[in-house]
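Peer 1: What follows is the residue order along each chain.
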Amino acid sequence: DVKVTQSSRYLVKRTGEKVFLECVQDMDHENMFWYRQDPGLGLRLIYFSYDVKMKEKGDIPEGYSVSREKKERFSLILESASTNQTSMYLCASRPGTVNTEAFFGQGTRLTVV
Amino acid sequence: DAKTTQPTSMDCAEGRAANLPCNHSTISGNEYVYWYRQIHSQGPQYIIHGLKNNETNEMASLIITEDRKSSTLILPHATLRDTAVYYCIVRVKDSGGYNKLIFGAGTRLAVHP
Chain A
1 DVKVTQSSRY
11 LVKRTGEKVF
21 LECVQDMDHE
31 NMFWYRQDPG
41 LGLRLIYFSY
51 DVKMKEKGDI
61 PEGYSVSREK
71 KERFSLILES
81 ASTNQTSMYL
91 CASRPGTVNT
101 EAFFGQGTRL
111 TVV
Chain B
1 DAKTTQPTSM
11 DCAEGRAANL
21 PCNHSTISGN
31 EYVYWYRQIH
41 SQGPQYIIHG
51 LKNNETNEMA
61 SLIITEDRKS
71 STLILPHATL
81 RDTAVYYCIV
91 RVKDSGGYNK
101 LIFGAGTRLA
111 VHP
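So the protein lines, in turn, are chains A and B. Residues 1 to 113 (the working numbering) are what the first sequence spells out, left to right. Residues 1 to 113 (the working numbering) are what the second sequence spells out, left to right.
Hints are all accurate, no fakes.
Distance condition first, Cα-Cα at most 30 Å in a straight line; then the derived BS3-like pairs of lysine-lysine:
#1 A:LYS55 <-> B:LYS3
#2 A:LYS70 <-> A:LYS55
#3 A:LYS55 <-> B:LYS100
#4 B:LYS3 <-> B:LYS52
#5 B:LYS100 <-> A:LYS18
#6 A:LYS3 <-> A:LYS13
#7 A:LYS57 <-> A:LYS70
#8 B:LYS100 <-> A:LYS53
#9 A:LYS3 <-> B:LYS100
#10 A:LYS55 <-> A:LYS71
#11 A:LYS70 <-> B:LYS100
#12 A:LYS71 <-> B:LYS100
#13 A:LYS57 <-> B:LYS100
#14 A:LYS57 <-> A:LYS3
#15 B:LYS3 <-> A:LYS57
No wet-lab data here; the hints were simulated from the structure.
The task is simple: from the sequences and hints, build the whole structure.
Peer 2: Right, dumping it as structure tokens:
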């Protein structure tokens, strides 16, 4: 069974803290993605990576950074968490070939207080 | 970018077919149409995708109009477990040439007994 695992299901952090959201996939996929999901706004792409050490900005990268040191792991970093980053964060991965399906993790619900 | 429009919500009786429409009038010739669904508190799940021919798999059927400006996802015998938000997505290439999945607000399908 294919698997995308996000390190935490629920997380509560304080304003100004540095936050790491981890995502691991066991399918040897080249491409990995971070989305956030908010009511009424749907899923919005934050960052994606098409290979180890490669990263590209998505539609809303401000306030976030990412790290892809190993193929299986894609980390989302909030350098200084703010309350407007309270959201559901979803990680996805898919093979590098075109027109293949993406697999999503269960999501991390982050609350910044 | 090819955008999609879907009804906000739909209802379906258990055991009946659920037909979910999607408009993608600005789709270009080589862009695929993807369908995902998201059951409450879970990550999105791939359902099906197609280019111009109708497609069927164990979950659903996808009917794409000849002009490719719209499509319909069909769940032939909806069950209560099919209650979810259904996303119709067109894969787009960004300015860097990378394929992205852009999610809209989706259709909230409620299957009732």
